[in-house]
Amino acid sequence: MDVDQETKTLVAPLQFLLNWARGHSMWPLTFGTACCAIEMMSVGCARYDTERFGIFFRNSPRAADCMIVAGTINLKMAPRVRLLYDQMSSPKYVIAMGSCAVSGGPFADGYNVVQGVDEILPVDVYVPGCPPRPEALMNALLMIMERNSAGIASAAEHQTAGQSAGRPAT
Amino acid sequence: MSLLKVLLGVVVIVAVVLLNTVVVMWCERKWAGHLQSRLGPMRTGWHGALQPFADALKLLGKEDLMPADADHVLFLVAPVLAYMPSILIYSATPWMEQFTGYSFDVGIFMVFAVAALFPVAILVAGWASHNKYSVIGGFRAAAQQISYEVPMILAVLGVIMLAGSMKLSTIVEAQASVWNIVTQPFAFMLFFIGMLAELNRTPFDMPEAESELVAGYMTEYSSMRFAMFFLAEYTNVFTWSLFATLLFFGGWGGPLPAVLGFVWLFLKTYAMVFLIIWVRWALPRLRIDQLMEFGWKVLIPAALLNVFFTAFGILTNLAVLVALQVALLAGFVWLVGRLGKQAGAGATTPAPTEVAP
Amino acid sequence: MIGIAKGMATIFGRMIRPAVTELYPYVKRQLPERARMSFSMARDESGQAQCSACMLCERSCPDTAIFIESEKRADSPRRVLTKFTIDLGRCMYCGLCVEQCTSDGLHHTGDFENNVTERSGTMLVLYEVEPGSLGLAPELCESTPAELSEVVATFGTTHRDEEAGS
Amino acid sequence: MTTPAPEVAGGQVFEGVSGVFDVGPLGRGSIPSAATKPTRLVGVLSELKDGRGFTHLSLLTAAERPAETAGLKMVYAVKRDVDSTLAMLTVTLDEGALRVPTIAGLWSGAAPLEREVFDLFGVVFTGHPNLRRIVLRDDFEGHPLRKEFPMPPAGVTTERVAWALASHGDDGPALAPETSDPAHSVSLPYPTVTEEAEAPGDPVLHSERLVLNMGPQHPSMHGVLHLWLALEGEQIIAADATHGYLHRCLEKLCESRSYRACTAMVDRSDYVSGFHTELAFLSAVEELAEIEVPRKAQYLRVLMGELARLTSHHTWFAACGLDLGAYTPFLFAFRDREAVLDFFEEITGGRMMFNYFRPGGVKDDLPPGAAERLRTCLEGIPASIDGFEALLTTNEIFRNRTCGVGVIAPDTIRDFGVTGPMARASRVDVDLRRDEPYAAYADFDVSVPLGECGDTFDRYAVRIAEMRESVRLALQALEGMPEGDFVSPGVPRALKPPAGAAYRRVESPRGELGVYLESDGTAQPWRLKIRSPAFSNLHVTPAVLPGGRLGDLIAIMGSVDVVMGEIDR
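Protein chains in written order, with our numbering: chain A, 1 to 170; chain B, 171 to 527; chain C, 528 to 693; chain D, 694 to 1262.
Honestly, I wouldn't trust all of these hints.
[Said to hold, decoys possible] Facing chain B, from chain C, some residues (calculated, C-beta under 7 Å): (1) Ile-529; (2) Met-535; (3) Ile-538; (4) Arg-541; (5) Val-547.
[Claimed, not checked] Ranges between beta-carbon positions, derived for each pair: (6) Gly-1183(D) / Ile-152(A): 53 to 61 Å; (7) Val-348(B) / Phe-16(A): 53 to 61 Å; (8) Glu-157(A) / Gln-577(C): 41 to 49 Å; (9) Trp-216(B) / Glu-146(A): 51 to 59 Å.
These are computed hints drawn from the structure, not numbers from a lab. Just so you know, even glycine gets a beta-carbon here, dropped at the ideal spot from N, CA and C.
With the hints as extra help, turn the sequences into a complete structure.
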């Protein structure tokens, strides 16, 4: 039996367990800047109740898995966003919520706005909408969890692996 | 006692405690959900029963971060230090008549001594993290837990006097005819308040007050180290619920045959857990100076009064004891109500006043 | 203490009543008719887009999220739409495009699940035919000066025009 | 429009004030207006404030003068509380001499507003105590609201983002050059962090002061507010509110968009109650373009405005409870809010961004049956408010946390230009719905709840009372909804209001929300300024926080109800 095979046999069940756990538990960081943050709050409220899926908002980036960029990011905020992202522990995911985070949205041609958070972070899921419905955000979180269950790597891992992630270079 | 038996006992106890920790975690999220017209975890296992496992596993698989400026040794030691007392405390815990960890003659003393280690861990964690929020959280925890241990111990003094022993199994057996909650309701009230403070739970969750201190002393902890703090907290919830049951609710005593005593014990313990969760989700949080004031100026004098009146009641008879306790309880409720009113004397809900434009 | 007890009683009351949670991924809410979440393009009987490629929506869009490609017919002055794209990740769902659609082709829908994992995926192609496949002159359309001035009169110059002009 | 005839009022307001000229109404509106010279500015304003009772600074902004006359003009609006008379004052500044004396000595609340004008226009306020950038990064180059500011090219902003990521942008020049003015210098009425942080701590304990940065990412900073604190233990010695983490160039972008598109844009400034910004903006547009609004539309505007106030207060209630550690009120409030948002979605098509009001009316009538269902829903809301009041109002812990905490004196309220529930909690009895009835408010009897002493609990209680009042007004609007058009016919699609200026205000859930609009006769606004109530409300906190504890800060900030979108714009 070669080493690879052995590792595989040993690691596979562990990997399966880990994928299962990552597919059933997702702690987003409470990070909201603008209008979308209010809809992000709605996601936690009784009608939508994301806790059904093990989605549980954490305040400290250290303990969070997923950063929901809810709102416009401007040039003053950008370094802080990057810092927060760097403070999170891997594996970490980013959801660009709303048109502003996806592309800058209505404010894209302003002098102070980052045109899409994918310019500073690797984004896993884009949620269009202005603001998106809470269901859409919930759908995005579930998308990430499903991808985790299936063992698909996050955008950040793709990026470190040298593959293209987020916005293709233009 | 053979080494094998000790080892077996340790394994069984740790397994039982960890299992219960997980169940308490699930109960917290589930019951909190229902108290808020939500559902709580639903997808992971039956009604989300596997949710804590998924969370813990996921945290195990996460990157372990340490801030560059942190005190490395202390930062690594703190989570272990936090979890250690939560397990160690069970060495003195009787589960049933036939099944006790180590039956100390001064069991209750041992329990409080070990529990007092927890704030040390929090202080260490807060200090080592090199984060201003963590430090504030750590200091708050130390101040709060040391202050609230005093009224707690004083409240238990009444129970000890009634049983005439500090041995936990003797205290339980002493309640065979009438539970301490009947003879010591006021002491239970004090004990319960102190317990909430020990557990860092609302309204006393200052050390981790998420809206003030982000996550308090846990702010910089990630991965399994964070999970250990998390687990320690929930283990403590179970631990103190168990002790409240043993001290005030007759432990394993109940109408079922003695062999099934653990059923009673767990039923009562989980009732206590529910009470703790219920209180948590109903209340806002106190301010740190109000908390200290309440601890030193209200709880400690009240606990001393309790000791005095209990002693008096024991010397006379049971009816006097109960009457005194009820009177004390009523007085306490009135006093606390007044404290709130005093602070709010300046403001009342304004009546809509019409002013001509 | 009485206030605390009142609060505890209130939340206990919630516990014994059923939860208000909607089971979202399993039960999907039917959005009201006016909801502005996504877009659709009406088709006529022959399956062609109900759009005269007048560019009013593209010009009126404050976010420049609409991209229209059209062809000029060889036989008549009418133009034919070949591709209609909306960048949902740019749109602010204000509804100005739908409001002024002259041929009643562009509509809002209540479809809110537009999540994608690639930035390019937010481009919603509402209508697309192979350029030239309709047997028309493959010359790309530009608005006539008269039409342009009408647009400018209606919506004012947009920043886009300034861009184009400068 | 209950203010007296414009000419008379203008004459009366400025009669006998030395140093004013060009007295007359503003645009085609009814606001008395005058111009003055920079050197006379402080004298004129102090005469208005001290001599004539114009104690409220409503607006302080700048606008570019039309292209042929290069330069700027400063625009000030002050209000007299007694009869709610507004007076505008303009100061013309020539290019190359963009200097004007600060009026922070008259109103402390002017200091942050002047910082904003300095930041965006480059006007130097001589004698200003702390003239730094307030919304943009310290190392930002240029003053973007000037017409000559080169807008960045469209497309991916890689270089700018790389520049932004390279530093935090806090290390730029701290003070604007040449701001000192020996003849006229003003100091702030509260301690500043920069000074206090260096000061020695407690002499007995030999403690050091701790400088704590709260935000921009902090769970109770309501978005991206950044509080800079000097702490002595847990005691706050000095506080400074920094913002701009959500500055999205709204006012500048509106200058290149049609009036109809601007309606959609201004929705996003106050994102928890968009209707009010829409209404203020459209009132100004309608005044400039002289468009009549049918009665039914006015009623619909009142109805939606009151519902928006209700949901805004729901959001505030949720955040306030959350700040104080009570999680359950958040869920209860949001459950009710969702019920109202469903109606927003049904009526306007959007849950939060409505774009529902139109020049001359509203977009659409109520859908069939909606009025009945809305009434049923609203009738249930007071009982529901009782439900979540049980969690906080009577709770001893909540009372201990809020009563007597963060007391704001009525003088401070006026000094900082605080409006809305915050002012009313301090017994400053202003409410534009009652004082200057706009839309259809003249038909409604608006009762205005007042606080007792202006502490955090009063602000809480006033907002709760306002929620009930909003439900009542909304029901009244449904009851009295007239028949007729919902939009006045014949409003052109392309709005080109004639050149002029208008300043219209509405009572938003946070206070006096004004829109100063200048048109140059083209299809886009020449200058759009949103007078943000939350901005002024926020900047009173450095005066209120010192002396309190960290826990008090959370309670006070929760009661201020900041909406960063509106503050930064």
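To see whether the hints hold, each was checked on the structure:
With a cut of 7 Å, the hint placing Ile-529(C) at the interface with chain B holds, because the nearest CB-to-CB distance is about 6 Å. With a least beta-carbon distance of about 4 Å to chain B, the hint placing Met-535(C) at the interface is held under the 7 Å criterion. A distance limit of 7 Å between C-beta atoms decides the matter here; for Ile-538(C) the minimum to chain B is near 5 Å, and the interface restraint holds. For Arg-541(C), the interface hint holds, the least distance from its beta-carbon to any beta-carbon of chain B being 5 Å, beneath 7 Å.
About 5 Å separates the beta-carbon of Val-547(C) from the nearest beta-carbon of chain B, less than 7 Å, and the hint is met. The hint said 53 to 61 Å for the Cβ distance between Gly-1183(D) and Ile-152(A), and at roughly 57 Å that hint holds. Between Val-348(B) and Phe-16(A) the Cβ separation comes to about 54 Å, which falls inside the hinted range of 53 to 61 Å. Between Glu-157(A) and Gln-577(C) the beta carbon distance is about 45 Å. The supplied range of 41 to 49 Å therefore holds.
For the pair Trp-216(B) and Glu-146(A), the supplied restraint of 51 to 59 Å is violated, since their beta-carbon distance comes to about 21 Å.
In summary, the one numbered hint that this structure violates is 9.
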